[in-house]
Amino acid sequence: MNRLMVNIMFAFIWMFLQGNMHLYAFFEGFFLGFIFLFITRKSTEPTPYFTRFFKVIWFILYFIKEIIVSNLKVAYDVATPGYFMKPAILAIPLDCKTDLEITLFANMITMTPGTWSIDVSDDRKTLYIHAMYVDDVDTFIKDLKNGLERKLLEVMR
Amino acid sequence: MNTILEIIAGVLIVSGSIFIFLTAIGLVKMPDLYTRVSVTTKASTLGVGLVIVGTAVFFHDLAVYSRSILIVIFVFMTSPVSSHMIGRAGYLDGAVLWEKTKANHLEGQYDLKNKSLKNYYENKE
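Going down the list, the sequences are from chains A and B. Counted the way this note's numbering counts, the first sequence spans residues 35 to 191. Counted the way this note's numbering counts, the second sequence spans residues 1045 to 1169.
If you're looking for bench data, these hints aren't it; they were derived computationally from the structure. One should not assume that every hint holds.
In silico PhoX-like links for lysine-lysine, alpha-carbon gap of 25 Å or less [as the list claims (entries may be wrong)]:
1) A:K107 / B:K1144
2) B:K1073 / A:K120
3) A:K120 / A:K99
4) B:K1162 / A:K176
5) A:K107 / A:K131
6) A:K131 / B:K1144
7) A:K131 / B:K1162
8) A:K179 / B:K1146
9) A:K159 / B:K1157
To spell it out: a stretch of chain B is covered by chain A in this simulated footprint if at least three of its residues, at any positions, have a beta carbon under 8 Å from a beta carbon of chain A; those stretches are [as the list claims (entries may be wrong)]:
10) 1078-1090
11) 1122-1128
12) 1142-1148
13) 1155-1165
Pulled a few chain A residues facing chain B out of the computed Cβ check, cut under 7 Å [as the list claims (entries may be wrong)]:
14) G53
15) M55
16) T74
17) E100
18) I101
19) V103
20) I123
Treat the numbers as computed from the prediction; the structure is a model and nothing was measured. Beta carbons are placed, not taken as given, at the ideal position from N, Cα and C, and that holds for glycine.
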């Protein structure tokens, strides 16, 4: 059975035992259930749940950092006279295969200010994006692939 | 304790409004449609996010927390899709790129008659 479902079930059991139906009790139960599952992980079949759990949290923090950094970059360009930007429309070769991965990747690119996705080619191997700060085309594509896409795929797979 | 929370909430809401204000300036200042779309995502991510988090901190109430989490999730789910659709429609309609744009890999890849989009790297390998 899926570890996440077991953990959520523990949280609900904790809520009923406590007798209050609050969100705090749910998170308390989730946390305690997580510790319990973590302690007993050796006696059950191996599962990627724990490493993936921390990876997801790490990825969310990384993504928030990306949003803040690129926000400040764009805000600086808007607030000062003149333009610092070097915009370009680029083709990114995709390592993402499934619909969900491509959708998430494209939406994350759009969510970080300064870059947004235009379209996916019909054979789903290229994503066309518009970027505002491109110093060098090849290094920009490499950075995006090694940064956001690799981290996203680590979480998804 | 309450004054500290109020100060934190005030700082968050004011900085969020500053980001939304900068977006409004950028909408006027930017030279073409593509950079305008880039700039507007700022309002929907950090701007709305900071204002919502500030509101949640100010009320310090479970009902407000859960609703603000939902609002942030919905805004983050819907705003990229809309800006993507606006930009793509603009490109297909022939919106002019800024003259200092460095590269355009999309040029000549669209086939409007058959409604298909070619792979940029197909012929290069």
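- [ ] Against the structure, test the hints numbered earlier, and report the numbers of the ones violated in rising order.
- [x] 5, 6, 14, 15, 16, 17 and 19
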